[in-house]
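Participant: For the record, the sequence lines run as chains A and B. My numbering puts the first sequence at residues 2 to 368. My numbering puts the second sequence at residues 28 to 156.
Mixed in with the good hints there might be a few duds.
Said to hold, decoys possible - No farther apart than 30 Å at their CA atoms in a straight line, the calculated lysine-lysine pairs in the BS3-like style are these: (1) K38(B) <-> K20(A); (2) K20(A) <-> K105(B); (3) K16(A) <-> K184(A); (4) K81(B) <-> K352(A); (5) K105(B) <-> K352(A); (6) K149(B) <-> K16(A); (7) K327(A) <-> K105(B); (8) K214(A) <-> K61(A); (9) K32(B) <-> K20(A); (10) K149(B) <-> K20(A); (11) K149(B) <-> K352(A).
These aren't lab readings, by the way, just hints derived from the structure by calculation.
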Amino acid sequence: MSSARQTPLYATHLKYGGKIVEFGGWLLPVQYSGILEEHRAVREKAGLFDVSHMGEVAVKGADALAYLQRLVTNDVSLIADGQIQYTPMCYHDGGTVDDLLIYRRAADDYLLVINAANIDKDWAWMVENRGAFDVQLTNLSDETAEMALQGPLAQTILNQLSDKPLDALRYYWFWDGLTVAGKPVMVSRTGYTGEDGFEIYCRPADAAFLWDKIIETGKPLGLLPVALGCRDTLRFEASLPLYGHELSAGISPLEAGLSRFVKIEKNGDFNGREVLAVQQLSGTKRKLAGFVVTGRGIARGDYPVMYEGRQIGIVTTGSYSPTLEKNIGNALVESEFAKVGQHFDIEIRGKNVPAEVIPRPFYKRKG
Amino acid sequence: MNIPKELRYSKDHEWVKSEGKLATVGITDFAQSQLGDVVFVEVPVVGAAVVAGKAFSVVESVKAVSDIYAPVSGVVVKVNDALTDTPEFINQEAYGQGWIAVIEMSDPAELDKLMGSEEYAKIAAEGGH
Numbered sequence: 002m003s004s005a006r007q008t009p010l011y012a013t014h015l016k017y018g019g020k021i022v023e024f025g026g027w028l029l030p031v032q033y034s035g036i037l038e039e040h041r042a043v044r045e046k047a048g049l050f051d052v053s054h055m056g057e058v059a060v061k062g063a064d065a066l067a068y069l070q071r072l073v074t075n076d077v078s079l080i081a082d083g084q085i086q087y088t089p090m091c092y093h094d095g096g097t098v099d100d101l102l103i104y105r106r107a108a109d110d111y112l113l114v115i116n117a118a119n120i121d122k123d124w125a126w127m128v129e130n131r132g133a134f135d136v137q138l139t140n141l142s143d144e145t146a147e148m149a150l151q152g153p154l155a156q157t158i159l160n161q162l163s164d165k166p167l168d169a170l171r172y173y174w175f176w177d178g179l180t181v182a183g184k185p186v187m188v189s190r191t192g193y194t195g196e197d198g199f200e201i202y203c204r205p206a207d208a209a210f211l212w213d214k215i216i217e218t219g220k221p222l223g224l225l226p227v228a229l230g231c232r233d234t235l236r237f238e239a240s241l242p243l244y245g246h247e248l249s250a251g252i253s254p255l256e257a258g259l260s261r262f263v264k265i266e267k268n269g270d271f272n273g274r275e276v277l278a279v280q281q282l283s284g285t286k287r288k289l290a291g292f293v294v295t296g297r298g299i300a301r302g303d304y305p306v307m308y309e310g311r312q313i314g315i316v317t318t319g320s321y322s323p324t325l326e327k328n329i330g331n332a333l334v335e336s337e338f339a340k341v342g343q344h345f346d347i348e349i350r351g352k353n354v355p356a357e358v359i360p361r362p363f364y365k366r367k368g
Numbered sequence: 028m029n030i031p032k033e034l035r036y037s038k039d040h041e042w043v044k045s046e047g048k049l050a051t052v053g054i055t056d057f058a059q060s061q062l063g064d065v066v067f068v069e070v071p072v073v074g075a076a077v078v079a080g081k082a083f084s085v086v087e088s089v090k091a092v093s094d095i096y097a098p099v100s101g102v103v104v105k106v107n108d109a110l111t112d113t114p115e116f117i118n119q120e121a122y123g124q125g126w127i128a129v130i131e132m133s134d135p136a137e138l139d140k141l142m143g144s145e146e147y148a149k150i151a152a153e154g155g156h
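Construct the entire structure; sequences and hints are all you get.
Facilitator: Take a look at the structure:
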């Protein structure tokens, strides 16, 4: 795949011994020292991820809020300047275009952070939906580098480098115009691991310098460079959806159990509202269920879910869970099979292996 | 990269240690390093007939499911049950406690088709292809 792109930290990944793979059109490390060790570092100490592949789109203009309200399912009017909201973005049929974060800089100025593999598709969809709204859309994906510092020690580490202590930065809020190691950055208290932590947006030219500084500062405390492999196991344990697995054009946010991010009653119409309103009222035919494999085997994405010889669903993500030390998964199943305690089988290499529905999230941090 | 001289190797990155008709098999140090942390092993069943070059076991790392191919043909006479609870033996000791099975060979001449350590070292150095 010669078309795969490098992030501003590509040379840094090689320097730190990252094992490079292609992901969503980008060349990124899947691991440095090992997925299990990196996973543990984020749960117990801290880890630093390169997430520069993520896309960023600025939405500005007098109609910015009205436009976003049309585009996404959550109620964007609920957030204040400096606050962040997670939301699905749907097609008219209720299927999901992408899931994203909306950063509100001002009433007429927002930054959307979207999935790397969906940048072109999302951009086309946003432009198509602009209609008569008075908004300017700017794709900033190439001008922005991003890293995620995650784990219980993230704040201790970042405080040593930032010009302002981050203790007062609340979950799902962000600060712009501060410096880390003397470089201008925007920092949000967000992440995709189920731990406390920050996402740091910077100029691509400063990314390698900042990476080295953060690693240098955190290393004595147990900070490790960490990569895509553990990003997936961490987000999966915390039951955070991954587009292309728990969400897709064929899966609505209500089927994926994300009803609290779908505000049917908000002011004004939005894409997918009609279909989602019906799904909310009469329930969805399929539901996402978390399960533990009680037999021997690891469930993987796309494995069939079976009950009395009939396929009742499909695994969306399945893995060994390093924190729980069990083989667990998510499956999209016929709704009657999604209740906690329900038994079904996962078909693993032609054999039915028993599994049981358990509560999600699988992992929740203490405190 | 650890590639013991006394073993024979397949192009699919399995090793074989033979004593008479018995062949102990596992995956190489190179293979385990490529897979990363092994979290699950499906060992074959004792008594199963296996064919050289055909899948006879499965090793799963956190991210990947990999078929393991029998390097020689025959019947499985012993399996490493310790891998059920301690799959990480494959990472820690690929040529020792990480062994997968013992095959009673139906045709020991198949060993001649496998590689010596020097030839296999070249394949590993080229990234496994």
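Participant: If a hint holds in the structure, say so; if it does not, say that too.
Facilitator: So, going through the hints one by one against the coordinates:
no. : hint                : in the structure
1   : K38(B) <-> K20(A)   : holds, 22 Å
2   : K20(A) <-> K105(B)  : violated, 35 Å
3   : K16(A) <-> K184(A)  : holds, 22 Å
4   : K81(B) <-> K352(A)  : holds, 19 Å
5   : K105(B) <-> K352(A) : holds, 23 Å
6   : K149(B) <-> K16(A)  : holds, 25 Å
7   : K327(A) <-> K105(B) : holds, 27 Å
8   : K214(A) <-> K61(A)  : violated, 33 Å
9   : K32(B) <-> K20(A)   : holds, 28 Å
10  : K149(B) <-> K20(A)  : holds, 21 Å
11  : K149(B) <-> K352(A) : violated, 38 Å
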